[in-house]
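2 protein chains.
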Amino acid sequence: MLSPVKNLKIYELVMEQIKDIVKKGELKTGDKLPSERDLCERLEVSRSSVREALKALQMLGLIESKHGEGNFIKENFEDSLLEPLSIVFLLLGSKDEEVLELRRVIEPEIAALAAKNITGEQLIELKEIMNELNETIDAEISVSLDKKFHYKIAKASGNNLISTIMFSISSLIEKYIEKSKVHTLNKELVKTQHEEIWKALEAKDFEAAATAVRKHLELNTDL
Amino acid sequence: MLSPVKNLKIYELVMEQIKDIVKKGELKTGDKLPSERDLCERLEVSRSSVREALKALQMLGLIESKHGEGNFIKENFEDSLLEPLSIVFLLLGSKDEEVLELRRVIEPEIAALAAKNITGEQLIELKEIMNELNETIDAEISVSLDKKFHYKIAKASGNNLISTIMFSISSLIEKYIEKSKVHTLNKELVKTQHEEIWKALEAKDFEAAATAVRKHLELNTDL
Numbered sequence: 001m002l003s004p005v006k007n008l009k010i011y012e013l014v015m016e017q018i019k020d021i022v023k024k025g026e027l028k029t030g031d032k033l034p035s036e037r038d039l040c041e042r043l044e045v046s047r048s049s050v051r052e053a054l055k056a057l058q059m060l061g062l063i064e065s066k067h068g069e070g071n072f073i074k075e076n077f078e079d080s081l082l083e084p085l086s087i088v089f090l091l092l093g094s095k096d097e098e099v100l101e102l103r104r105v106i107e108p109e110i111a112a113l114a115a116k117n118i119t120g121e122q123l124i125e126l127k128e129i130m131n132e133l134n135e136t137i138d139a140e141i142s143v144s145l146d147k148k149f150h151y152k153i154a155k156a157s158g159n160n161l162i163s164t165i166m167f168s169i170s171s172l173i174e175k176y177i178e179k180s181k182v183h184t185l186n187k188e189l190v191k192t193q194h195e196e197i198w199k200a201l202e203a204k205d206f207e208a209a210a211t212a213v214r215k216h217l218e219l220n221t222d223l
Numbered sequence: 001m002l003s004p005v006k007n008l009k010i011y012e013l014v015m016e017q018i019k020d021i022v023k024k025g026e027l028k029t030g031d032k033l034p035s036e037r038d039l040c041e042r043l044e045v046s047r048s049s050v051r052e053a054l055k056a057l058q059m060l061g062l063i064e065s066k067h068g069e070g071n072f073i074k075e076n077f078e079d080s081l082l083e084p085l086s087i088v089f090l091l092l093g094s095k096d097e098e099v100l101e102l103r104r105v106i107e108p109e110i111a112a113l114a115a116k117n118i119t120g121e122q123l124i125e126l127k128e129i130m131n132e133l134n135e136t137i138d139a140e141i142s143v144s145l146d147k148k149f150h151y152k153i154a155k156a157s158g159n160n161l162i163s164t165i166m167f168s169i170s171s172l173i174e175k176y177i178e179k180s181k182v183h184t185l186n187k188e189l190v191k192t193q194h195e196e197i198w199k200a201l202e203a204k205d206f207e208a209a210a211t212a213v214r215k216h217l218e219l220n221t222d223l
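Residue numbers (UniProt numbering), protein chains in the order written: chain A, 1 to 223; chain B, 1 to 223.
For reference, chain A alone in the conformation it holds in the complex (with noise of 0.2 Å):
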């Protein structure tokens, strides 16, 4: 059942199998796992790398064990896994244009699609973080409430891919933030563009909510 491949560890060949009985739809979240005398036949593997396999999901924050009965593919992921991740996008994504590209790509378009879906709770909530950010003059606390509002439009999308993805990279737009110092230099302007863009998801204006954070993105021009 196992193919060779090339540099693998054991336990990373029964995480690809794994894998693969998810992409058939057979596992989904919520779900128990086979046991591990299961996996171990159906994988054809010894026990110490099925076990070993399933160290490395629970710290993946792929599975949770309950104790005394067996191992369940979590529910929710947010609190766990994309935490590891986002250190990958740190490391990767050092480079500051990379980002605001990556921004400018994806943020215009999910900034559309929140302004078909957001919910009057929704915007209450992102008006309240545009009152703290208003009212904080403190750098950090700034940079983490502009990093949320970004989020929360994410969120507000109802794309569940959409939000995870822009959680695993939240991080990173939150260093960005930080060394563009936006807060520092150019705190009204910020204020007066999240205004915008809260105004275009309230009247439920796709094009000008996108039209809204592109120009919003456009504030960092010259970092």
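Incorrect hints may have been included.
Copies of the same chain are indistinguishable here, so a pair counts whether it falls within one copy or spans any two.
[Said to hold, decoys possible] Straight-line distance between alpha carbons at most 25 Å, and here's what the computed DMTMM-like set of lysine to aspartate or glutamate pairs gives:
| id | residue 1 | residue 2 |
| --- | --- | --- |
| 1 | LYS32 | GLU188 |
| 2 | LYS24 | ASP138 |
| 3 | LYS23 | ASP96 |
| 4 | LYS66 | GLU52 |
| 5 | LYS215 | ASP205 |
| 6 | LYS116 | ASP96 |
| 7 | LYS55 | GLU36 |
| 8 | LYS152 | GLU16 |
| 9 | LYS55 | GLU16 |
| 10 | LYS28 | GLU98 |
| 11 | LYS204 | ASP38 |
| 12 | LYS152 | GLU202 |
| 13 | LYS191 | ASP205 |
| 14 | LYS152 | ASP96 |
| 15 | LYS152 | GLU101 |
| 16 | LYS19 | GLU97 |
| 17 | LYS66 | GLU97 |
| 18 | LYS152 | GLU98 |
| 19 | LYS181 | GLU64 |
| 20 | LYS116 | GLU218 |
| 21 | LYS28 | ASP96 |
| 22 | LYS23 | ASP138 |
| 23 | LYS191 | GLU64 |
| 24 | LYS215 | GLU97 |
| 25 | LYS127 | GLU188 |
| 26 | LYS19 | GLU52 |
| 27 | LYS19 | GLU178 |
Because the hints were derived from the structure by calculation, they are not lab data.
Put chain B on the given structure of chain A with help from the hints.
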């Protein structure tokens, strides 16, 4: 130095701290990590917690251990790390419409970037993928080549961050293409549309490239 965080295991806290070091720009790809002893002292945790964190980072494919030399941050993550990530996206992204929506958000803009930055060599490679795709009648191979075609375009964007994200969702895209049965139902149309995309890239016409990709992604609306 460590502030208490709910529900986090010690090794996760250590990973958090290592992430902070990366965030501050003290560590980048290829760099050597501080020794286990240094990490213990700096992070004020036990040797075994540091070892567990390093093991987790190794499993994630973020670091590699060189015998007698210590631990290094990997130069290239493509082979290892993003594979487990694609499991998450497979699990999360079970909704076909979410995958299509994501593709519509990012791929036209990525193609526009690629039109600006694609090299002659990459154009030839893309052409080769198209030729292989035209020659095969195997459904599975077609799906894999189609995925490769779109990933190559992301690589040609010249933005490492963007191609990493595309790589991390490529299993999802593959599954999506497979389910759309587009290679069984519309093989000729796929061929024509891929050619259209290729011509726009060759002409370095970024608007035409985005439009061609947008049109291509309309193909599966009835999925």
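Results for each hint:
1. LYS32 x GLU188: Close neither inside one copy (51 Å) nor across copies (42 Å); limit 25 Å.
2. LYS24 x ASP138: between (49 Å within a copy, 19 Å between copies)
3. LYS23 x ASP96: Between copies, since 13 Å is at most 25 Å while 35 Å is not.
4. LYS66 x GLU52: both (17 Å within a copy, 21 Å between copies)
5. LYS215 x ASP205: So LYS215 and ASP205 pass the 25 Å test inside a copy (15 Å) and across (23 Å) alike.
6. LYS116 x ASP96: between (30 Å within a copy, 19 Å between copies)
7. LYS55 x GLU36: both (12 Å within a copy, 21 Å between copies)
8. LYS152 x GLU16: Result: close only across copies, 23 Å inter versus 33 Å intra.
9. LYS55 x GLU16: Intra 14 Å, inter 19 Å, cutoff 25 Å: intra and inter.
10. LYS28 x GLU98: between (34 Å within a copy, 16 Å between copies)
11. LYS204 x ASP38: neither (51 Å within a copy, 53 Å between copies)
12. LYS152 x GLU202: Within. Shortest intra-copy distance 14 Å satisfies the 25 Å Cα cut-off; inter-copy 38 Å does not.
13. LYS191 x ASP205: Within one copy only: 20 Å inside a chain, 36 Å across chains, cut-off 25 Å.
14. LYS152 x ASP96: both (22 Å within a copy, 23 Å between copies)
15. LYS152 x GLU101: both (20 Å within a copy, 18 Å between copies)
16. LYS19 x GLU97: between (34 Å within a copy, 21 Å between copies)
17. LYS66 x GLU97: neither (44 Å within a copy, 32 Å between copies)
18. LYS152 x GLU98: both (22 Å within a copy, 18 Å between copies)
19. LYS181 x GLU64: neither (40 Å within a copy, 34 Å between copies)
20. LYS116 x GLU218: both (23 Å within a copy, 19 Å between copies)
21. LYS28 x ASP96: between (36 Å within a copy, 14 Å between copies)
22. LYS23 x ASP138: For LYS23 and ASP138, only the inter-copy Cα distance (19 Å) is at most 25 Å; the intra-copy one is 46 Å.
23. LYS191 x GLU64: The answer is neither: 42 Å in one copy and 44 Å across copies each exceed 25 Å.
24. LYS215 x GLU97: within (16 Å within a copy, 29 Å between copies)
25. LYS127 x GLU188: Classified as within: same-chain Cα gap 16 Å, cross-chain 50 Å, threshold 25 Å.
26. LYS19 x GLU52: both (15 Å within a copy, 24 Å between copies)
27. LYS19 x GLU178: between (37 Å within a copy, 16 Å between copies)
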